[in-house]
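Residue numbers (our numbering), protein chains in the order written: chain A, 1 to 104; chain B, 105 to 723.
Be aware that a few hints might be false.
Unchecked claim - Each pair of labels, with its calculated beta carbon distance range:
| # | chain 1 | residue 1 | chain 2 | residue 2 | range |
| --- | --- | --- | --- | --- | --- |
| 1 | A | ILE22 | B | ASP383 | 37 to 43 Å |
| 2 | B | LYS450 | A | PRO104 | 53 to 59 Å |
| 3 | A | VAL38 | B | LEU686 | 47 to 53 Å |
| 4 | A | ASP57 | B | LYS273 | 45 to 51 Å |
| 5 | A | PRO104 | B | ALA673 | 52 to 58 Å |
| 6 | A | ARG13 | B | ASP493 | 42 to 48 Å |
| 7 | B | ASP493 | A | ARG56 | 54 to 60 Å |
| 8 | B | ALA715 | A | PRO104 | 48 to 54 Å |
| 9 | A | ARG56 | B | ALA308 | 51 to 57 Å |
| 10 | B | GLY446 | A | ILE22 | 31 to 37 Å |
| 11 | B | LYS450 | A | ARG13 | 50 to 56 Å |
As the list claims (entries may be wrong) - Below, computed lysine-lysine pairings styled on BS3-like, alpha-carbon distance capped at 27 Å:
| # | chain 1 | residue 1 | chain 2 | residue 2 |
| --- | --- | --- | --- | --- |
| 12 | A | LYS3 | B | LYS596 |
| 13 | B | LYS669 | A | LYS7 |
| 14 | B | LYS421 | B | LYS273 |
| 15 | B | LYS719 | B | LYS273 |
| 16 | B | LYS450 | B | LYS207 |
| 17 | B | LYS351 | B | LYS201 |
Because the hints were derived from the structure by calculation, they are not lab data. Beta carbons: idealized from backbone N, C-alpha and C, even for Gly.
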Amino acid sequence: MEKFEVKGTNRRRAPGGRRQTITGVNASGNLEVMIERVLPDSECLVEVTTAVTGFRDIWYAVIEEFFERSAPGGLRFSINDGGARPDTVMLRLMQGVRLMEAPP
Amino acid sequence: MCSRHLILEDSRSLFRFKVDVEGVVHGTEPRASPQCRRVTHCWRVMPCDIIETECRKREMDLNRVRHVVEIRMAEWQKQREQRQCRLTAAQHIASGKLVAAEKAKALLEAVIRPGDRVCLEGDNQKQADFLADALASVDSSLIHDLHMVQSGIVLQSHLDLFERGIARKLDFSYSGPQGAAIARALAAGKIELGAIHTYIELYARYVMDLTPNVALIAAVAADRAGNLYTGPNTEDTPSIVEATAFKSGIVIAQVNQIVDKVRRVDIPGDQVDFVIQADHNFYVEPLFTRDPANVTEGQILMAMMAIKGIYAEYGVKRLNHGIGFPTAAIELILPTYGERLGLKGKIATHWALNPHPTLIPAIESGWVEQIHCFGSEVGMDEYMSARSDVYFIGSDGTLRSNRMMCQNAGLYACDMFIGSTLQIDLAGNSSTVTPGRIAGFGGAPNMGADPHGRRHPSEPWLKAGREASDGPPALTRGRKLVVQVLETFGDKMVPNFVEELDSLKLANELKLELAPVMIYGDDVTHIVTEEGIANLLLCRGASEREQAIRGVAGFTEVGRGRDRKAVEALRRRGVIRRPEDLGIDLLDASRQLLAAHSIKDLVTWSGGLYAPPSKFRNW
């Protein structure tokens, strides 16, 4: 079990009005993400709890690229990972931002 | 070519015999021909025991017999004679063409000679498994040093042949489950490897320099005249039998049953020498069945990109899908995502394809006009029989598959091949060799190659050709679309993108002359991953190609080693396209998009006609 967090700064607030959502499943090779609109618009944060240790550099690479690709200002992501591959992590995070675009 | 004739002469009589290549004496002629060239002192060429036996039979005085061997030049029927010899040797074992199952070993020992080239039928689907077991049990002091020339090394008994010294040399195409065992046997010197071929390459050599002396094949039913019904799994049988039967070889078939009249003649009886009713039905592997329950959202995302960015973009109607979950995902979202994009009738109408159960929803939704199959698939037979507008069905009402024909269709009549692979390098070369495993090629290298002999135009082919060429438009030839669709990481976080293919290391270790490459980079036109599509047709030069590949290699080391500026430039030119560039909403990448979520759903789609094998029945 490993726990860590990655902080980012953002140019703009993530669009939409949703306060909170959850996507994915906590299963082997998959992951669950809870997304909450709780941070200042210029900040974002991803907290990772993963069953698989030893891939922290890839996690950082994935999350930093995610910040760049989607500008999720104001959102906190809590990942409960069951050993998902980086592409699945990226897809879930991007899907999470899209889900937050819904009206409140 | 020459033959040996033995002439025995004493004071009373003269006999002339022909001694065939195996030392068997044929016929008597009580006179010597004046054209004979007589050679004396022949004891060295002619075994004494033959002369003794023949003299004794005729009550000749051995001490006074004069014997000569006549050498006559220009003998052109040696293979036929040899064949006759073998048939004669098996006469007491067979009743007509029929041989009892318990006499299979005796039959093989009677008709096979050391050093023979033998084809034991079996590919990635059907297996002449009964005959494989029989061959693996022959007396290796009688039969040894065989040269196996066959599509698949799949069964344990195939490897036993080499372990027991019955076979020594091997030319093959596909090994699948025995990939690791073959690599070990090669390293231990148990197998002398000729080459690893593609299917049609091996069939081509059957009529060139690897013609079998004996073919051991499998069929569903035979009549007493040897006519064979292969059932839906015709596959390689016609190609094997053609090469063997018309070159004086011996063809032996294992069948599930002997009947009075076969429902359809797939192989005419005069091309078959012996038929054995095996004690069990021949084995067929359900290789092309993918459970929709295991399709991931990453694969669905890749499928959406492929449909929107390639199928629709080029208007691909005639195609082949390789095996694997990414292509299964494409099949499963044609009736949903494809429908939404208004692509029905515009893409994926004509197929060279095994009977993939995952295509059932698209067929049932009216997407597919016709499909020709390499082989059959366990559980699909009834469904296909009921869909003769789509599949190739005999007058008897069952599927006729033919690997040779379908591979040919894949080469010359398909505008696109799309398939997965296990490793891809910086030049786009791909391989399914992983450390210590030789999986062989099967048909993918032919499906995934641009055939330079193609001459008929089609829109996708011409468009691909134009994208790749800077030459004069009037002379621009087309290109087949060869698409590799793969996730950036495989199981256990093993990267699928690598700097150097494992196949190079393996070739070095096993001293192979040619490193096994499934599809060469210069044939690949597109690579699809979860990160996007790289269009290699639009790349100019090796370094652009490399960056295009790195640019879709995700978070593998290859992907993270990209030149970000170069990749962004390629993206602006449309060489690399991300889901957002294609207008794909990531929220659509959900299992909800699959037309079937389980094998059971496929059964429902088929109206109950698809009967999945038990290992896929989980309800």
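Results of checking the hints against the structure:
For the pair ILE22 of chain A and ASP383 of chain B, the supplied restraint of 37 to 43 Å is violated, since their beta-carbon distance comes to about 58 Å. Distance hint check: the CB atoms of LYS450 of chain B and PRO104 of chain A are about 41 Å apart, inconsistent with the given range 53 to 59 Å. At about 33 Å, the beta-carbon gap between VAL38 of chain A and LEU686 of chain B misses the expected band of 47 to 53 Å. For ASP57 of chain A and LYS273 of chain B, the hinted distance range of 45 to 51 Å is satisfied, since their beta carbons lie about 49 Å from each other.
The hint said 52 to 58 Å for the Cβ distance between PRO104 of chain A and ALA673 of chain B, and at roughly 40 Å that hint is violated. Between ARG13 of chain A and ASP493 of chain B the beta carbons are some 56 Å apart, a value that contradicts the proposed interval 42 to 48 Å. Hint check: ASP493 of chain B to ARG56 of chain A, Cβ distance near 56 Å, so the stated range 54 to 60 Å holds. Distance hint for ALA715 of chain B and PRO104 of chain A: a CB-CB separation of about 51 Å, consistent with the stated range 48 to 54 Å.
A hinted range of 51 to 57 Å for the beta carbons of ARG56 of chain A and ALA308 of chain B is consistent with their spacing of about 53 Å. Between GLY446 of chain B and ILE22 of chain A the CB atoms are about 34 Å apart, so this pair conforms to the stated range of 31 to 37 Å. Restraint check, LYS450 of chain B to ARG13 of chain A: a C-beta distance of roughly 41 Å breaks the suggested window 50 to 56 Å. For the given pair, LYS3 of chain A sits about 20 Å from LYS596 of chain B by alpha-carbon distance, which is consistent with the 27 Å threshold.
At most 27 Å may separate the alpha-carbon atoms for a hinted pair to count; LYS669 of chain B and LYS7 of chain A meet this at roughly 25 Å. Note on LYS421 of chain B and LYS273 of chain B: the hinted pairing is violated, with a Cα-Cα distance of about 42 Å set against a maximum of 27 Å. Between LYS719 of chain B and LYS273 of chain B the alpha-carbon distance is near 35 Å, which puts this suggested pair outside the 27 Å criterion. Simply put, LYS450 of chain B and LYS207 of chain B have alpha-carbon atoms about 56 Å apart, too far for the 27 Å limit, and the pair is violated.
Between LYS351 of chain B and LYS201 of chain B, the direct Cα distance comes to roughly 19 Å. Compliance with the 27 Å bound is thereby established for this hinted pair.
Against the hints set out earlier in the document, violations occur for numbers 1, 2, 3, 5, 6, 11, 14, 15, 16.
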